[in-house]
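Peer 1: Sequence:
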Amino acid sequence: MQSATYRLSRRPDILQDIRLDGMHVLVMEDEFLIAMDVEQLCREHGAAEVTIVRQIEDLGDDPFAGQAFHVAVLDLMLGGNSTTEFANSLSQRGIPFVFATGHTDVQERFGIVSDIEVVAKPYGGTDLIAALGRAIERGRDRSSGV
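Under the UniProt record's numbering, the first residue of the sequence shown carries the number 1, and numbering increases by one thereafter.
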């Protein structure tokens, strides 16, 4: 059962300080079971809303119209399409994000800069939530000029 490989662990002792309280989390993941696990994990950490997108086209022509995403988890390849262009849009808007991917050659193949969090699949909930926490903190530092 392949989905069990990606089952997210929940270790409240490690993750208790990382909260997504009141946040709207965008999850771009084409594997249904992984997306559902990520949604549950985000909700357990306080996310008010989680939007799952399985194809880039599902976002429509203006993905930010009527949407107030606070943070995002992006599968690097979504239905065979790279999400790096969308990641650039998030970055321009100051929305923190992490890439969650099974690709091991991310920097060489996709030109991902080193300060962007990349969580390798299969990943555990601890890794993903910690990466989201670092991305959010980095976003706060940038907005405050630190």
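Mixed in with the good hints, there may be bad ones.
[Unchecked claim] Taking lysine to any residue and the SDA-like style, the derived pairs with C-alpha atoms no more than 20 Å apart in a straight line are:
id: 1; residue 1: 121; residue 2: 59
id: 2; residue 1: 121; residue 2: 32
id: 3; residue 1: 121; residue 2: 89
id: 4; residue 1: 121; residue 2: 101
Hints are computed from structural coordinates only; laboratory data are not their basis.
Peer 1: Check whether the Cα positions of residue 121 and residue 101 lie no farther apart than 20 Å.
Peer 2: holds (5 Å)
Peer 1: Taking 20 Å as the top limit, are the C-alpha atoms of residue 121 and residue 89 close enough?
Peer 2: violated (24 Å)
Peer 1: Need the status of pair residue 121, residue 32: alpha-carbon distance at most 20 Å?
Peer 2: holds (15 Å)
Peer 1: Residue 121 and residue 59: Cα distance at most 20 Å?
Peer 2: violated (24 Å)
Of the hints listed earlier, those the structure fails to meet are numbers 1 and 3, in rising order.
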